[in-house]
Amino acid sequence: MLVMRRRAGDSILLGETIEIQVLEICGTRVKFGIVAPDSVVIQRKEIKITRDENITAARSVRQQDISSILAKVTPRPAVDATVIGLTNVTV
Amino acid sequence: MPRVQTKCFDELEYSRDAVFEFPTGVPGFEAERSFVFLELPGTHPLMFMQSLSRQDVCFILLPVLAADRDYELHLLEEDLAALRFPAGSQPQIGKDILCAVTVSAADSQRPHPTVDLFAPIVVNLKQKIGIQAVQTQYSAQHPLRSEEEAVAC
Numbered sequence: 001m002l003v004m005r006r007r008a009g010d011s012i013l014l015g016e017t018i019e020i021q022v023l024e025i026c027g028t029r030v031k032f033g034i035v036a037p038d039s040v041v042i043q044r045k046e047i048k049i050t051r052d053e054n055i056t057a058a059r060s061v062r063q064q065d066i067s068s069i070l071a072k073v074t075p076r077p078a079v080d081a082t083v084i085g086l087t088n089v090t091v
Numbered sequence: 001m002p003r004v005q006t007k008c009f010d011e012l013e014y015s016r017d018a019v020f021e022f023p024t025g026v027p028g029f030e031a032e033r034s035f036v037f038l039e040l041p042g043t044h045p046l047m048f049m050q051s052l053s054r055q056d057v058c059f060i061l062l063p064v065l066a067a068d069r070d071y072e073l074h075l076l077e078e079d080l081a082a083l084r085f086p087a088g089s090q091p092q093i094g095k096d097i098l099c100a101v102t103v104s105a106a107d108s109q110r111p112h113p114t115v116d117l118f119a120p121i122v123v124n125l126k127q128k129i130g131i132q133a134v135q136t137q138y139s140a141q142h143p144l145r146s147e148e149e150a151v152a153c
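From first to last, the protein sequence lines are chains A and B. Just so we're aligned: 9 in our numbering is position 9 of the first sequence, and the numbers increase by one with no gaps anywhere. Just so we're aligned: 2 in our numbering is position 2 of the second sequence, and the numbers increase by one with no gaps anywhere.
There's no promise every hint is true.
To be verified - Quick list of in silico lysine-lysine cross-link-like pairs, DSSO-like style, CA-CA up to 30 Å:
id : chain 1 : residue 1 : chain 2 : residue 2
1  : A       : K48       : B       : K7
2  : A       : K72       : B       : K95
3  : B       : K126      : B       : K95
4  : A       : K45       : A       : K31
5  : B       : K7        : B       : K126
6  : A       : K48       : A       : K72
7  : B       : K128      : A       : K48
8  : A       : K45       : B       : K128
9  : A       : K31       : A       : K48
10 : A       : K72       : B       : K7
Honestly, the hints are just simulated from the structure, not real lab data. Just so you know, these numbers come straight off a predicted model, no measurement behind them.
Start from the sequences and build out the full structure, keeping to the hints where you can.
Next comes the structure, spelled out in structure tokens:
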């Protein structure tokens, strides 16, 4: 990994067309400004991780999956489930 | 009573106050804004989060403390605002909020089922509003192990 020190107002260039400017530094938070072509997808990494995991999770709801998952979990009092009023849903 | 076509459990009736709104959806399913939570006989402690608008969108959830009994949830100010809690408040799991993690079944990529401790589903139980609240200190693919397997490690 390339490591660089930059101050507020400084920029770095990725190739010829992408510029990332450090706009503001406040405690543990940094504000960036990004200039890039429309074709470049810019996203927070945690959203990308979450999206990929959500898409996998949504594929998992099959009977055989449910059985194999149940084999891994120890039944506990369903504190959360009862509070949420799930009894409103009738099977 | 309105009815919802579920992915795996046929058609179910639900009451309007069992509907939870996700104002921005969840990543990957941004258009899905309304969900119901199902609990089924014989699948405790699993829950199912079914979209009302798309039959094929359903998640298996596990209460976070059943996945990791030491789990610590940290809600950012923007998370509290999205959930309509006052700034600086500390909602309690089970009392003010439901906190549950999505479960992915084992497949060719993962030898064991995994839970996403990185992005738990967090729901304000009174306001019926939900978000996915990123917790960067946790793994998105935490192996789900039975107690015996955990002891063996």
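Structure-based check of each hint:
Distance restraint check for K48/A and K7/B: the Cα-Cα separation of roughly 25 Å lies within the 30 Å cut-off, and the hinted pair is therefore satisfied. In summary, the hint linking K72/A to K95/B is supported, as the alpha carbons are separated by about 26 Å, within the 30 Å threshold. Restraint check for K126/B and K95/B: satisfied, since their Cα atoms lie roughly 10 Å apart, inside the 30 Å limit. Straight-line distance between C-alpha atoms of K45/A and K31/A comes to about 15 Å, which keeps the hinted pair within the 30 Å bound.
Distance hint between K7/B and K126/B is fulfilled; the C-alpha atoms sit about 27 Å from each other, no more than 30 Å. With a C-alpha separation of about 27 Å, the suggested pair K48/A and K72/A falls inside the 30 Å cut-off, and the hint holds. At roughly 26 Å between alpha-carbon atoms, K128/B and K48/A fall within 30 Å of each other, so this suggested pair holds. A threshold of 30 Å between alpha carbons decides the hint, and for K45/A with K128/B the separation of about 28 Å falls inside it, so the pair holds.
Taking the CA atoms of K31/A and K48/A, the gap is about 19 Å. The hint holds against a cut of 30 Å. A C-alpha spacing of about 22 Å is found between K72/A and K7/B, which places the hinted pair at or below 30 Å, so the restraint holds.
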